[in-house]
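With chain A's structure known, arrange chain B on it following the hints.
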Amino acid sequence: MGMSQKYLIYLGCAIPYRVSSYEISARKVLDKLGVELVEMPEFNCCGLPLEPLSHELMLTLSARNLAIAEKVGLNILTLCPGCAGTLKKTGKILKENKVLREEINRHLKEDGLEFKGNIEVKHISQILIEDVGLDNIKKTIVRPLRGLRVAGHSGCHLSRPKKYIGFEDPENPRALKMLISITGAKPIEYAGETECCGSTIAAIDDKISLSLVREKLLHVKEAGADALITVCPACHIMYDANQLRVEKMFGEKYDIPVLHYTQLLGLAMGMQPEDLGFEELRVKPTKILERV
Amino acid sequence: MSKAVGEESVSAYSKIDPKFRYEVTKMPGGEKLLQCFQCGTCTSDCPIARFSDKYRPRKIIRMAQLGLREKVLSSDFLWLCASCFTCTDRCPQGVEVASVIRVLKNMAVMEGRIPEVYRVLLGTLVKTGYIYEIPESRIKRREALGLPPLPKVNIEGLNKILRNIGVEKFLGGEPKKGGEAKVWV
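Protein chains in written order, with the numbering used here: chain A, 1 to 292; chain B, 1001 to 1185.
Check before you lean on any hint, since a few could be wrong.
[To be verified] Covered stretches of chain B, as calculated for chain A (at least 3 residues, CB under 8 Å):
hint, region
1, 1042-1054
2, 1060-1067
[To be verified] Take a look, some chain B residues computed to stay more than 10 Å from chain A by CB distance:
hint, residue
3, I1016
4, R1021
5, Q1038
6, K1071
7, S1083
8, Q1093
9, E1096
10, A1098
In case anyone wonders, no lab produced these hints; they're calculated from the structure.
Remember, it's a predicted structure, so these values are computed and weren't measured experimentally.
For every residue, glycine included, the Cβ atom is placed at its ideal position computed from N, Cα and C.
So here's chain B without its partners, still in its complex pose:
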C-alpha cells in the first residue's frame, strides 16, 4: 500500500551532506550563505529566471544550505547564472548570491564537472593569453584600420604562473577541439 510514514524523507536525508554548507561559507564569496532567509528577491529579479524554468537562484541557495551537494554540483542549471550581479546587489540579507553560485561552480569544476566551453576558453588562454584565438588576419588588419599593433603576451611567463595554479587539472589533458559557440560571444 502506501509508504511508511517518513520513508521518503529518510531516503532524501541520506543524500544530505551536513558539512557542505560550511565548505561553501569558507570560500571567498560564499561567506553569507547561511544568512539567506529565502525571500526570493534573487529569483524574482533574475533576468535568466524569466526565460528559464530550470534556473532559480533562491532554490540553489536553499539546496546549498541543506547540503544537497550531489544535486547542486551535478546540475546543468548552475551554469545558467549570467553573473549580472542583480541578485547580489539586491539581497536584503547581504548574501552575495551570484558569488555563492560561482563558489558552487568552482566546486563542481574541482570534481571534473566542466562545461566544454570553459575548457575551450582556458585552452586558448594557455596558448595565447586571451580567451579567444585572435586570427592572424585580424592582427594584421589592425594596421589598415589605423590601430597600433596588439601587444604580445609573454606566453612563457604566463604559463609559469598558470602551472603554479595547476590549471591543467581543469583542462583534463589536452584541450578538446571544437566547442565553438553557436552564437557570437
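Just chain A, same shape as in the assembly:
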C-alpha cells in the first residue's frame, strides 16, 4: 500500500435505491484499509440499463460521469460491476474513436463538460486486489472466519465483455475466491458458478430470470454452502430480495443467506454485524452470525 489511496466513489442507481447494506459495509471496510473516498458530485446513471434504447445515450451518460471525475481529478471506485464496466467501456471506445468522441463531446458541451479520457475506473474488487493488495488486507483480519464455507458469485459484468473490462478471467474467475480466502472462509466450488443472475431482464420476463435465480440457489445449496457472496447490487437483489418469491414460485426452500463480500470482510475485520448493514438483509444470516 505505502501511500494512501483516494478515489471518487460512484454509487450508481441501484445502491442508493435499495442496497444500503452494500454501501454501509463497503465504506466501513475501505475506511479500515485506509482508502479515502470522496463523494462524486452530480453523478447520473452510468447508462448501462438504457443502452438497449440507444448506444449514444449510454455513451453520453457515461461520458458525463467521466468528465465530472476529470474535473475533480480523481479516479473512480464503484461498488457495482455494471457501472464500472460501462464507464470503462465508454472510456475505451471514446479514446479510440475520435469521431464518436467529438460527437459525444458536442452533447456534453451543453452542460459545460468535456471528456478527455484521463480517468481510470475500477470496481472495488479490482481496487482491493490491485491497489490495496491482499497482503495489506490480511493485516486487518482479526477474526478469521474459519469453518465457514461460502459460494462466490462474481457476476457477468465484473469481467465481461472481456475486451473492455481487462480484469479477471471470465471463464475461470479467481478474484472473488482470493478475496474470500483471506477472510479465513473457504470459497467452495459449485455448478454453474459463472451463470448470470438474470437481473437485466427481470422486468421483461420474470419467469426466466427467477428460473436463473432458482438454478443458482439450488446449486449453492447442493454444494453445502453456508452463504452466497456477491459483489454486485443487482445480483444481490436477485438472490436475496427475490429469494422468498422464488421459493414460493417453485415450492422449494433454499434458505441461503446472501452477503455482500464487504460484509464478509467486515466480519473478519472484527466489526459488528449491526455496523455492516446485516439487518437490511432479507434472508437472515442467523446461523452464520452464531458461528462467527
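What follows is chain B alone, placed relative to chain A:
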C-alpha cells in the same frame, strides 16, 4: 393441389431487405455481423436460451444477415437478451453477438418499438438523473444509517445534454405512469 415450386420461397423473399445487414454493420458493435458462420456457440452457452424456447441468439444473427428486418425488429424475443456477454466473449468469429442484438434493439427503438419498462426508466432519468425514483424516505434514512448525503444531480444541466441527443423521441411524449416491475430489479 400443391403450390408451384418456389412459390413459398418467393413470398418469403419479398420480405427480405438486402441492405439491412449493412445498416447493422455500420453501427458500433454490429461491425462483425457478416463473420458469423452459424456454429451456434452463442445459443448453446446462452443462459436465457436454456429457459426460453423463443430466444436463440444464433437465429437472431442469421435473420439479421438475411435481411429479415421486420421479423427481427418487431419481435419480442429481441428484448430477452440479458447482456451477460457470454456469447460475445466466446464467439470463435469475434462477432460481438450481444452488441449486434443491442444494435437491433436500438433500431427497433428508432421505429418506436419500445418496451414500456424502458420508457419508465428513461422518464425517471430525465426527472432525477437516476433510473429509479429514490424515495425521499430513503434519502433521509441515509443519515440514520451513517451514510453521507446523496449528491444531487444537476437536472437542468443533464437535461440540456439529453435534449441535444433528442431523447424525447424515445419517450413518445409524456412518460407513462406505471409499468413498475413485478420483480425487484
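The hints, checked one at a time:
1. For the region 1042-1054 of chain B, the assignment as covered by chain A holds, since 4 residues bring a beta-carbon within under 8 Å of that chain's beta-carbons and 3 suffice.
2. For the region 1060-1067 of chain B, the assignment as covered by chain A is violated, since 0 residues bring a beta-carbon within under 8 Å of that chain's beta-carbons and 3 are needed.
3. Residue-level check passed: I1016 (chain B) sits 25 Å from the nearest beta carbon of chain A, beyond 10 Å.
4. A cut-off of 10 Å between C-beta atoms confirms that R1021 (chain B) is not in contact with chain A; the least separation is 18 Å.
5. With a least CB separation of 21 Å from chain A, Q1038 (chain B) remains clear of the 10 Å interface cut-off, as annotated.
6. At the 10 Å boundary, the C-beta of K1071 (chain B) stays outside the reach of chain A, the nearest C-beta of that chain being 19 Å off.
7. Against the 10 Å criterion, S1083 (chain B) falls within the reach of chain A, whose nearest CB is about 5 Å from its own CB.
8. Q1093 (chain B), annotated as away from the interface, keeps every beta carbon of chain A farther than 10 Å; the closest lies near 14 Å.
9. Not every Cβ of chain A is farther than 10 Å from the Cβ of E1096 (chain B); the closest lies at roughly 7 Å, contradicting the non-interface assignment.
10. Look at A1098 (chain B): its CB is around 7 Å from the nearest CB on chain A, not clear of 10 Å, so calling it non-interface is violated.
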